[in-house]
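> Counting from 1, position 128 in the sequence shown corresponds to residue 192 in my numbering; the numbering is continuous, with no gaps.
Hints may contain errors.
[To be verified] Restricting the straight-line Cα-Cα distance to at most 30 Å, the calculated cross-link-like pairs of lysine-lysine (BS3-like) are:
(1) Lys153 to Lys268
(2) Lys175 to Lys153
(3) Lys107 to Lys175
(4) Lys269 to Lys175
(5) Lys175 to Lys268
Everything labelled a hint here was simulated from the structure, so no lab data went into it.
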Amino acid sequence: MSQTEMLEAENAFKATLGSDEILLGFWSSLASPLLAEIVAENKSFQWILFDTEHAPNDVQTLLGQLQAIRFSGVPAVVRPVQNHPVEIKRLLDIGFRSLLIPSVDSAQQAKDAVRATRYPPYGIRGASAYHRNNGYGRIENYFEFINDAIAVIAQIETIEAVAHLEEIGSVEGVNALFVGPGDLAASLGYLGQVRAPAVQDIIKKIGERARKCGFKLGIAAGTMDDVARYREWGYSVFAVSSDVLLFRRAVEGLAESFARFK
């Protein structure tokens, strides 16, 4: 088996980050295994992001969702609450191999995130011989391949992060950058105004800089029109919808239809 084939087997999402493929993802925040299973079994998305920073997810709820999508073939990515080695360790142990690290503002913070995902001597991840990610001890060569199988995506969400974009993206072990447009807009003084021209201009310039450096770049996109525009600007990894948004819109649509009976 070649190195590429091994990476595809151990982390298909990381393998695709090394290609020119466009990756459309789904943002999952409602902590529901059933909803996660419905999305994954649809096969329309190349990845699912399970959020803990702005969602009521914890290790226990995430475990149930991982089990629900286990046989779907859709890669799971998780966003920790923060860039903290203990939290990252627990997420890795329950089965995640791809992490979107929030609020990475410097190369040092990016290095800290990578080190939290690696076993010594390349990092500080605590070693356990019996957890879900290594088949509860059944994967005999787990320690030999897992460091190289972990994907780390650094989230760019502040003016400071934008200023250090090239340094963050060049950190060994960082596989992609991902713009958080909401927090970036707030950092620029446009809270709640992602579509403000000044914010969109910064997003475009980030794309140009990332393309020049050869970085894989992603962003949360509200519509497919956003995806098309951001794609032209150099982005290729997209979170294009969420369970919260879809469910809210469905409820609002029902409420509008009920109004005619009042």
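> The structure should be examined with respect to each hint, and the outcome stated for every one.
For each hint, the structure was consulted:
no., hint, result
1, Lys153 to Lys268, "violated, 34 Å"
2, Lys175 to Lys153, "holds, 15 Å"
3, Lys107 to Lys175, "violated, 34 Å"
4, Lys269 to Lys175, "holds, 24 Å"
5, Lys175 to Lys268, "holds, 26 Å"
In this structure, the hints that do not hold are numbers 1, 3, in rising order.
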